[in-house]
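**Student:** Next come the chains, spelled out residue by residue.
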Amino acid sequence: MRVFFALLKKEFLQIVRDPSSIIIAFVLPLISIVIYMYGINLDAVKVKVGIWNNDATPQTRLLTEMFNHNAYVSSVVYDSRQKLREDLVHSEINAALYIPADFSEKLARGEQAQVLAVTDGAVANVANYAQSYISTIVQQWLEVALGKNNTAQPLVTVTSRFWYNETLNSHHFILPGSVAVTMTLIGILLTALVVAREWERGTMEALLSTSMRKSQFIAAKYCAYFLLGMVAMFFNIWMCVAIFDIPFRGSYGVLTFVSGLFLLTALGIGLLVSSVLKNQFLASQAAVGIGFLPSLMLSGLAFPVASMPAFFQGITMLLPARHYVTFIVSEFLTGTVAEIVALNALYLSVIALLLGVAVKRKTASRLE
Amino acid sequence: MTDCAVVIQNLTKTFGKVRALDNLSLTFAKGKITGLIGADGAGKTTLLRLICGLLVPDSGQILTLGENPVTDKDMIISQIGYMPQKFGLYEDLSVIENLRLYADLKGVPYQFDRLLKFTDLAAFQNRLAGQLSGGMKQKLGLACALLGNPKLLILDEPSVGVDPISRQDLQQMVQSLIDEDTTVIWSTAYMDEAHRFHHTVVLDKGRLIYDGVPQDLAENTAAFENKIIDLMGGYQEHPSLIAEHYQAHLQDLPYTVEACHLVKRYGDFFAVKDNSFQIKKGEIFGLLGPNGAGKSTSFKMMCGLSRPTSGTAKIMGVDICQNPSKARAHLGYMAQKFSLYANMSVWQNLSFFAGVYGVHPRDREARLNEILQVFGLLDYRDAVADELPLGIKQRLSMAAALIHNPAVLFLDEPTSGVDVITRRDFWTHIRGLAKKGVTVLITTHFMDEAEFCDRISLFYKGETIALGTPQALKDKAESSSMEEAFIRLIKEREA
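Protein chains in written order, with the working numbering: chain V, 1062 to 1429; chain H, 32 to 526.
Keep in mind that the hints were calculated from the coordinates and are not lab data.
Quantities reported herein were computed from a predicted structural model and do not represent experimental measurements.
Please note: incorrect hints may appear among the correct ones.
Said to hold, decoys possible - As a list, the in silico SDA-like pairs of lysine to any residue whose alpha-carbon atoms are at most 25 Å apart:
1) K117(H) with F1073(V)
2) K236(H) with Q92(H)
3) K61(H) with S1272(V)
4) K1339(V) with V101(H)
5) K117(H) with W1260(V)
6) K117(H) with R1078(V)
Isolated chain H (complex conformation) (with noise of 0.2 Å):
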């Protein structure tokens, strides 16, 4: 077969007692972008690193670039651009550092001023790699794997925490800066990333159950991901028994949550303008903007973890700079990362979790108990936090935030790096719990999700330059999609 870049037959590895490639047989078209997509824990980046000759194979073969990457990854490797998921950058050496290392390792001159024009980065050659933003980096890593136009360039889901305007950079400096030959195997998360590629493929458990091209499964994104999820065993619709057990003392208030002129400013630079906005019982309030607008810095102001130059926030009318603890005892928070203690159980976690919001000793057993249930983590109270599917670490931090009924709910990218599957879980349970009048502000990179919110405020460099609903945010870009409409109102601002 000339016309496949990668050919894989029978394919099996297992990780102890996990399968995470089952027999899987599967090729990949020379000169396409496909798209790899699947729940996680669905073999994605063990298919990828294996392909690339980082891992063995137990049975099964594989040939990349008619080679056999076991025996010849050496053959191989030249011609192989791969960007692993962290990017593979050293946060100490600074961007021109960087490609000039790799350019050194992968014995190819050093011509970066295409790269680095295509990429924005030669303004910030001499910049620390680690001082970059999420989006600066996903493009500097994607430079250091194009280096010496390699022939199959193998992308483990680049785009994670990074928002739409870095993304549509991205893809389109893959399409101007690849060969007509060259072969992509892109994994993402993002639906509409993967409609836009020329293939699909899509795992489960690791097989393969879907291998075609995208549009033969739905014309449009929101469509093509209501299939993928059917084919992923689909995804049930039902009430969410957190929410149902939501137990709401919630006293009524004309705003739960209220920014009034946060200001923070780091020297000359200020992070965070002027912002401010009130927030109503039982709304969801969406926060989004580009990597480094502000919004984590917003975040971390209003829930009392950084102090604002200026200005303050009231949860549920307490101010919370005067009265930090009072005002956190109203407030569940879920950070970006996974902030749990990696090598305590579920049982451990939740158990401390309850001590720290004061849940009283003779209840906690019992409220542990309904939230390992409510939560459907009973399988898994005695696993380590740390060795837990991402979708259910991911429940478990939402559980440990919600374990004191909280009145308002932080959520800080809670679905970066989760599976749509899960996603739409999380968002039954949002749902749920506004309608039981909890208030909810969440930020998000996931332009689907936006429409989910009640109200969008949407930041750029320290400042709110438009808030509304999601159809007011539309109707004032005029644009069709939640994303498009992020794009040009950001993009007239700059102008």
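Just chain V, same shape as in the assembly (with noise of 0.2 Å):
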């Protein structure tokens, strides 16, 4: 108990007497939330319609008053078509509506009337978000244009609601979310290079040389960083609820289990990836390339896992943040879900468990 406590001591002085890794602590999950919350935006996006009216009647100059009168679209009348044209080629707007001259007169016949919508398809997702507001407008002036004609009442009425995220605030998951995949890169960053340092300023040798165990050497960095990085988890936390007012309704003993073993798996990836190459700066390189890219390319914070090739779904079940981020999503929205929970905690307690033994495994009782 002695030499796991004198490690455990040796590692702390040389944490606080280090400022990297404090910084790594506390300035990187400072500057990476607030870019997650000002940075990223998946919600809905506004669009820039451009209308080219040819068919200058009360009907459509109500059409185009009512994509002045929605929060999701701007739109300028244009008197060329010409200018529209080019607007719409150098991306000023992001979509153009063509209104033929004998629009009124066929839908006075009762016959088919046809507006034009061209839309920017080098932005795909702006593109969509265009095409569906534009019927959706097109849609809503049909009943209000047409309603005193046409009193029937339609069939089926949707009435929508979005549980768990009344507002469809993207950020109420992203933040959450993007804990994962900051603590991912703390707990790698931290734990990579304190090996490698060992190794190549000569300690590991005089430290191999003494009485040490290699389960002691193991135990105090898994201790002193577990710590440091349960305080650098907390603070992320922290700022998520009490400063960007993101709604918490789960359990926060639930919260600080379930990111404990998230953070050992971490902790486990940067002291296998230390252990193993013994170079400061061949591991922080490996530490990103196989840590972060990944948690945050595949974790389902940004892009939904259920729409990933198969292959690519497998491969995310090996890592931690998908797992995490299932969880704490749900925990932030929906509250403590025992099935997730469990899952979730179960998963991360294997590839934490996998990661220790490996760790153990790599690290050298000798020399070579």
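If you follow the hints, you should be able to join the two separate chains into one complex; please do so.
**Tutor:** The structure is reproduced here in structure tokens:
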């Protein structure tokens, strides 16, 4: 026990004296949460629609008016068809709506009248939004403009409500999810350097020539950085809840427990990389490459796992961040759901345990 | 064999294709200090690590304190004090924290009074190890190794880059702090040190070439060194090819290198107080002094790497502060640490430095081929710098410094950690170049090298305390050897 506490004390002294680990633990989450909060937005986008109206009647004027009374659309009416085309080509507007000369006439005769909506497909998701906004507004206009003539009630009406995130505010899941990505990075970065540093500075050789056991060495590393990592984790969650007002409906006890398991996996990856590579530069590069990037792209935070090909879905099962994202988003927005907690906690424990065993096997008890 | 601390039989250890130890059989007598000598890559460090159980042999047997270090490492490790080459200190922990850590790891009580007294570290207990001078780090490393009164003390080149005073202290420390039956294995590149030990073991290419009492080889250090060189295959004094190929276009100046009242101050602390000297063309000028005396700081100011607080230096009459790039064009600089690109090949490194020093692209190919041949680097043309033996690395650094035929050569501890034969060879080239008119400014901790200098400046606490020929300095200190003179002059100053 004396050896373990001596090593633990050494780790803490090194953390305190080396500002880089403090910066990683506290400045990194601050920067990343600000980026996720203000830089990333998956909500409905405001699109700009240009309208060329060749059929100046009260009815079409109402239609163009309605484009101005929508929260997600801003519209400009063009006099010149040429200019409209140019602006669409130069991405000044996201979509163009052409109303042909015989539009009202056809409508009055009861024939099918057509408008043309051209969208800028180069930015596919904005084009999607534009297309659906335009159809919706045209539908609404139809109800209003023809409502008086057409008194029949629609047979089916859909009332939609969004559970767990009533306003569909994407930050409510991005921010908790971002904790997973940030903590992966922090956990891995904190430990990726520490074993490699012992090798580079020659202290590993001195440690190995004492009666220290490697389990004591590993346990001291895990403990020291686990405590630092948990503080960083709480700091992160505190920023979500207290500063950015993300609703938290779950239990802090459960959150702490599962977050702890998740942190162990991240620390394990870092220690493994560090013990295998024995070089600080390589280890930090590898930490970003194998830790941070996959958890950013494959955790389901940025891109839904369900829409990935089966092969990649399989890979995500190995990623601690994927299970943690599932858990933390549900814990924040829905509250504690026993099955989700149990399943993800189980996955995380298994991964953490496997990594721990790998770290132990890869930690040298000799110089070769 | 109860009187042997370590018994080695038919020991072989290979790393890839390299045979580090080749069927070695050897014993280390109990209660004796044995000096372990050998060229770079002779297998000294490998042997020491095998004895501690840090490596596993390919074949053969080791008995360390009667146990097998491969299977029973845990049993013997508590009785071994091992000081690795890099000392194994935590630089971000203080002196006392390092001692406490190692005391905990070894399970011994916190009794440091005696160690702190002998190491003179009592006043620096709370200083971070990273901020200690080389000599102090070495003493702290030894103190950590001595915790728990080990039966076997293993020191791997503890005195690399350490000044003569600290080396003397270290030896006294070891002698007074160990018990009578403690065995010491001490690997070293200093022949004077090895000559003072009870026993000498010389390794060459993983084989034992001498095992006996140093006095049996020779009575004095200089003769001992020659005998050792003979054992290692001898060194043939030959004219330096490097010097022969040196193309001089030297101007005639009264002084080629001048230091004019150089001062470097950090806050209240004067690293260099008021340093002035002039060096003539073709002179070898040695800068000597203990660690932390300000030699490297002077050096850095003189080649324009650090800005003097006041004063300046002139290289070939050009002021380094006013016209640094023009002054540096006359200068070849070899830094203390290997400062070439470790992951580039020999050719790539040289080609890079040729470019940096402004060798015309048209002439570069021819110049590089000539350099490779002259420096004996043809076989290593495409080898990665990091994987070269130390002696070859050092030759490569020198090649890089000489690529543009500079008129002045600055060498900052160029032979630190280098074996005797390589050092001999190195000095052949230095003397050859000086004869051709190259001015050489050199720092060293080897006192035998100091004797090769034309003039010496003894530097202490930022000031020159003696300046003159080696003989003049010895006369001044009334000493027979340079080492004695060094220690006496500094102690006098201190008193």
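**Student:** Go through the numbered hints given earlier and state which of them the structure violates, listing their numbers in rising order.
**Tutor:** none
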